[in-house]
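There are 2 protein chains.
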Amino acid sequence: MNITIVGIGLIGGSIGIRLKETQFGEKIIGVEKNEANAKKALQLGLVDEIQPLDDAIASSKIIILTVPVDAIMNILPNILDKVTDQVVIDMGSTKTNILRLIADHPNRGRYIAAHPMAGTEYSGPEAAIPNLYKDKVMVYVEAFKTDEDAFERADAMTEQLEMKTTFMTAEEHDMHTAYVSHISHLTSFALALTVLEKEKSQGRIFELAGSGFESTVRLAKSSPDMWTPIFKQNRDNVLEVLEEHIKQLQKLYTKLDKEDYDGLHKLIKKSNKIKRIIK
Amino acid sequence: MNITIVGIGLIGGSIGIRLKETQFGEKIIGVEKNEANAKKALQLGLVDEIQPLDDAIASSKIIILTVPVDAIMNILPNILDKVTDQVVIDMGSTKTNILRLIADHPNRGRYIAAHPMAGTEYSGPEAAIPNLYKDKVMVYVEAFKTDEDAFERADAMTEQLEMKTTFMTAEEHDMHTAYVSHISHLTSFALALTVLEKEKSQGRIFELAGSGFESTVRLAKSSPDMWTPIFKQNRDNVLEVLEEHIKQLQKLYTKLDKEDYDGLHKLIKKSNKIKRIIK
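Residue numbers (full-length UniProt numbering), protein chains in the order written: chain A, 1 to 279; chain B, 1 to 279.
Since the hints were made in silico from the structure, they are not lab data.
Errors might be hidden in some of the hints.
[Stated by the list, open to error] Straight-line Cα separation of at most 25 Å, DMTMM-like style, residue types lysine to aspartate or glutamate; simulated pairs:
(1) A:K269 / B:D55
(2) B:K164 / A:D262
(3) A:K247 / B:E148
(4) A:K247 / B:E199
(5) A:K198 / B:E148
(6) B:K275 / A:E172
(7) B:K61 / B:E148
(8) A:K273 / A:D262
(9) A:K33 / A:D147
(10) B:K198 / A:E162
(11) B:K266 / A:E243
(12) A:K82 / A:E172
(13) A:K134 / A:E162
(14) B:K232 / A:E199
(15) B:K134 / B:D104
(16) A:K273 / A:E259
(17) B:K251 / A:E148
(18) A:K136 / A:E148
(19) B:K255 / A:D70
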């Protein structure tokens, strides 16, 4: 059984390394339109060979899509047109629009929407690492619409990645990821812009930056090519959470502005409840 | 030479462990009004003994203040009243107000304003760790107003902590820390409040939280007793940076709201310049 990975960056490349390590499948085939990245992926051993998309589809049993979500929207219907008994796994970070797009496709049953909750702020084939997925959560969305055998083949692949699994509706998935992933990126982007702006008038401003700053700003290194489409595809949820986040910042602002230090202390103490969630 | 540490939590306790490790000074004396913390500090070996403040001042050559900044404002003038040839090091996170407060004190020369750019989101004596300060930056503020011998004694202590040093004015220090430390905490507090709020209606919302979320929200575990006084003492700068940060978030909001994806892509790309600063 051959496996095709479409898009060999951080996400796809890390799957490639790991599946080669566990020898799941005979050949790992990469599809990559960026020639420099295709070359690098081969050099780094992330895939066994690079093929054109149509050839790769024809010769594989599993086709994994790890390109940005807008690219998935573009190519998925055409890929589904061409499959017979393959399973197509979409690994994108948003699900509602894509599921709507292919809802009535005759080969809908060969498709599974999945989202591995794993990643780093780096991108490209050089960023791929073998243990990216270990012990992380794979979310399956609307899995009951996938053919039984197709789901089982996809889930066998997920097992190779040593992931835990969970099931959600598309609406749940997109709202939850807006709150625990997408907003974190927006707040990092904004924080980086804030400080970079100030640096223009205050050259030494980064001299005192420590681990706290680094921690809150590191996601601002993330790729705009990956994240702009995510925000686009999950626009309503992202706007909702962003509005709420701005409201919370304004609350903190008002307490400080009005010198209501008891109120400020209470808000901070309330936020400390996050200890329940993260160790 | 004995050394007194006033306030044996994360910051003071970590100094205590390290100075005992390097055998700098004969005795490390702790001053701690919270009895449970005093007991724990002794049990953990962070200090050699606990003494009342006045006794500790009388028998020490170095007095290090590691209580919250409002407590430093309260006790520093009284401590300076009682010193003769000691050096008093204030380790607080804000400097302008404290320096104004003791500007005309007859023992001004025995005092040095210092700020170690190190910490974690944990607090209390159990949070103390021996290498907290290694390779981090100690900022000296208005050091030229400190007596030569007092500064040298303080700096010898800083060397024991294996820190790098830098010099700033109070205005520079308070503005820079607002931008690269205080704002990171506010944004984490707000992010935690945002998601905790949503959890009330969406129980499973933290199920998908991964390392990106954890990274941006971990500072929300920080102590309100430490941070409320910092925001109070650095109010003008914090309000300025918070206003700018909200403005940047609103810019991102508007781009997304108006579906200006080119504009959104450009802003994200611009924020990526943070790569220059953090590896």
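Checklist entry - Given the proposed pairing of K33 of chain A with D147 of chain A, does the C-alpha separation stay at or below 25 Å? => result Violated: K33 of chain A and D147 of chain A sit about 30 Å apart, past 25 Å.
Next on the checklist: For K251 of chain B and E148 of chain A, compute the direct alpha-carbon distance and say whether it is at most 25 Å.
Outcome noted: Since the Cα atoms of K251 of chain B and E148 of chain A sit roughly 46 Å apart, the hinted pair is violated (cutoff 25 Å).
Next on the checklist: So if I understand the rule, the pair passes when the alpha-carbon distance is 25 Å or less; does K232 of chain B with E199 of chain A pass?
Outcome noted: This hinted pair holds, its Cα atoms lying about 24 Å apart.
Next on the checklist: Holds or violated: K134 of chain B and D104 of chain B, Cα atoms, limit 25 Å.
Outcome noted: Violated - the C-alpha atoms of D104 of chain B and K134 of chain B are around 34 Å apart, more than 25 Å.
Checklist entry - Holds or violated: are the alpha carbons of K247 of chain A and E199 of chain B at most 25 Å from each other? => result Roughly 17 Å between the alpha carbons, so the hint for K247 of chain A and E199 of chain B holds.
Next on the checklist: For a C-alpha distance cap of 25 Å, please report whether K136 of chain A and E148 of chain A respect it.
Outcome noted: holds (24 Å)
Checklist entry - Is it true that the CA of K61 of chain B sits at most 25 Å from the CA of E148 of chain B? => result holds (15 Å)
Checklist entry - Going straight from one Cα to the other, do K275 of chain B and E172 of chain A come out at no more than 25 Å? => result violated (33 Å)
Checklist entry - CA of K82 of chain A to CA of E172 of chain A, is that 25 Å or under? => result Violated - the C-alpha atoms of E172 of chain A and K82 of chain A are around 30 Å apart, more than 25 Å.
Checklist entry - Is K266 of chain B close enough to E243 of chain A, meaning Cα to Cα at most 25 Å? => result holds (21 Å)
Next on the checklist: Against the 25 Å threshold, does the CA-CA distance of K255 of chain B and D70 of chain A hold or violate the hint?
Outcome noted: holds (17 Å)
Next on the checklist: Checking one constraint from the list: CA of K273 of chain A to CA of D262 of chain A, max 25 Å. Satisfied?
Outcome noted: Satisfied, since the Cα-Cα distance of roughly 18 Å is no more than 25 Å.
When the structure is compared with the earlier hints, violations turn up for hints 1, 2, 3, 5, 6, 9, 10, 12, 15, 17 and for no others.
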